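Now for the letters of each chain:
There are 4 protein chains.
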Amino acid sequence: VAGAFIYRRRVQFAETDMAGIVHFSCYFRYMEEAEHALWRAAGLHIATVDEPVGWPRIASAFEYRSPLHFEEEFEVSVSIAALTRRTIQYGFTFVRDATAIGAGTITAVCVRKGPPMKAIELPADVVARLRAAAERQSGSPADGVAP
Amino acid sequence: VAGAFIYRRRVQFAETDMAGIVHFSCYFRYMEEAEHALWRAAGLHIATVDEPVGWPRIASAFEYRSPLHFEEEFEVSVSIAALTRRTIQYGFTFVRDATAIGAGTITAVCVRKGPPMKAIELPADVVARLRAAAERQSGSPADGVAP
Amino acid sequence: VAGAFIYRRRVQFAETDMAGIVHFSCYFRYMEEAEHALWRAAGLHIATVDEPVGWPRIASAFEYRSPLHFEEEFEVSVSIAALTRRTIQYGFTFVRDATAIGAGTITAVCVRKGPPMKAIELPADVVARLRAAAERQSGSPADGVAP
Amino acid sequence: VAGAFIYRRRVQFAETDMAGIVHFSCYFRYMEEAEHALWRAAGLHIATVDEPVGWPRIASAFEYRSPLHFEEEFEVSVSIAALTRRTIQYGFTFVRDATAIGAGTITAVCVRKGPPMKAIELPADVVARLRAAAERQSGSPADGVAP
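Chains as they are written, first to last, in my numbering: chain P, 1 to 147; chain F, 1 to 147; chain X, 1 to 147; chain U, 1 to 147.
Keep in mind that the hints were calculated from the coordinates and are not lab data.
Keep in mind it's a predicted model, so treat the numbers as computed, not measured.
One thing to keep in mind: the hints can contain errors.
No copy labels: a pair is met if it fits in one copy or bridges any two.
Stated by the list, open to error - Keeping only pairs whose Cα atoms sit at most 25 Å apart, straight-line, the calculated DMTMM-like set for lysine to aspartate or glutamate is: (1) K113 with E63; (2) K118 with E63; (3) K118 with E135; (4) K113 with E135; (5) K113 with D125; (6) K113 with E33; (7) K113 with D50; (8) K113 with D97; (9) K118 with D97; (10) K118 with D50; (11) K113 with E71.
Next up, chain P with everything else stripped away, as it sits in the complex (with noise of 0.2 Å):
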């Protein structure tokens, strides 16, 4: 994917299920993982307990093409596939090796934490650093991967 960050990942044991595969709300656990990835390549912290701005999620999906296993490797890239005044969405496309694992999106509203809560603008610089996080493409080919 041109323009996007790469969140490398092993599968742990506690994410598979009977079916022998990892769990179906796993995936979902693997985006936000690698959205904040991005964030920290990007020089940004989403969450921090004094920080006065939030980043709840108003909608998350994720279309499965093959399962992944126990101790499989595999890749997230995650980039910015849109943007409106107070949201943004994360897209990101699941591979291990050439398969194609899913591909999935999170939608997060910019908000005041409040009380009470209340949708705010983006903040431009955080949104320009992102883009060029994901620009950058990746940090170290071991990034999430335990050995």
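Dock chains F, X and U against the given chain P, drawing on the hints supplied.
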């Protein structure tokens, strides 16, 4: 929801995150719990080791309206939203008292497990029993709710 | 178990692993669910945002006897196993019908949240109410069990 | 820790709870991840579908010293703490920089899967390879740590 099976649940502590609300990935587990409760209400079991037929997910999605917090009780309405020859889509609506929490879908394909795994037509009796169970509208008020 | 609160639960699909049984880490979640159900039975709430007192864990352990499988119903007996001035140890016993599943403990310390966080003496009324709730021996048969 | 394999990890958002720290049950997943990383470092795989030998847990325990927070990096040292004819006990020590986070154990029994499942003697070569891997003291600095 007319013709929907009701699954009742209470939020557990481990399902919350540092934002003080239920983590967005947990809604996919909640949807699956409701799906399986519907199967049991229909006198069926979705997953058995010996069963030659399986129901892998091909898509899932959720739209978030209001957050859930620790110990809150909520209801999940599950219905059959769409059918194709080989796939079933469940629709889920979450409410806490009069508050809309969100709504989502899980789409599963019917397969002969193999190997090789192969998509097959939905068993007509399974569909009929799931529909009938959804029409009967839920089990006891305390289902899935710890005291 | 005499003087124990009973928490009833059904195994959910996402709690199984590729070995076809409940993942060993889930028993710690089950113990906590039973602990919190005991608190509710005592008319108490262990975690609230505004509450100045907290109960962080200092130790937990489990011994496994027989595995649990998808959809099985089981009972968790929770009792107060030991008290010190500042700590409470809960004891848990798991059974499925007549089968011993395992047993474990959670030890929590009572703290004033701070900052700085500071261990304090157990509130006498909390201990008395938890003891009384354990003596009353559980709520309704269907608690925590989805249909 | 002398003779211990080091597994490096970063706290993910979904592992936190409403108290703002890593949920106490996650440490059992972290211990297992470190165990499996040790197996891989030994050129072994603990779980395969075709493998006739399995390693169910018979006990696990953890003592908590300091909490972990979102995005913190920590190290898990894993060593072979005790052996009997049929069981292996791993010992784990968690540190974040110079801070002791906690320590725990997992005890597993070697079984022929069956049915019926039957405890068998530890394979000598497996024990030798795990010991050798623990002596070699870990892989690359970035293992298991997302950027």
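Hint check:
1. K113 with E63: Intra 31 Å, inter 20 Å, cutoff 25 Å: inter-copy only.
2. K118 with E63: Result: close only across copies, 18 Å inter versus 31 Å intra.
3. K118 with E135: neither (31 Å within a copy, 39 Å between copies)
4. K113 with E135: neither (30 Å within a copy, 41 Å between copies)
5. K113 with D125: Close inside one copy (19 Å), not across copies (35 Å); limit 25 Å.
6. K113 with E33: For K113 and E33, the Cα distance is within 25 Å only inside one copy (22 Å; across copies 29 Å).
7. K113 with D50: both (10 Å within a copy, 17 Å between copies)
8. K113 with D97: Between copies, since 24 Å is at most 25 Å while 41 Å is not.
9. K118 with D97: The answer is between: 23 Å across copies meets 25 Å, while 42 Å in one copy does not.
10. K118 with D50: Classified as both: same-chain Cα gap 17 Å, cross-chain 22 Å, threshold 25 Å.
11. K113 with E71: For K113 and E71, only the inter-copy Cα distance (20 Å) is at most 25 Å; the intra-copy one is 38 Å.
The structure shown violates the earlier hints numbered 3 and 4.
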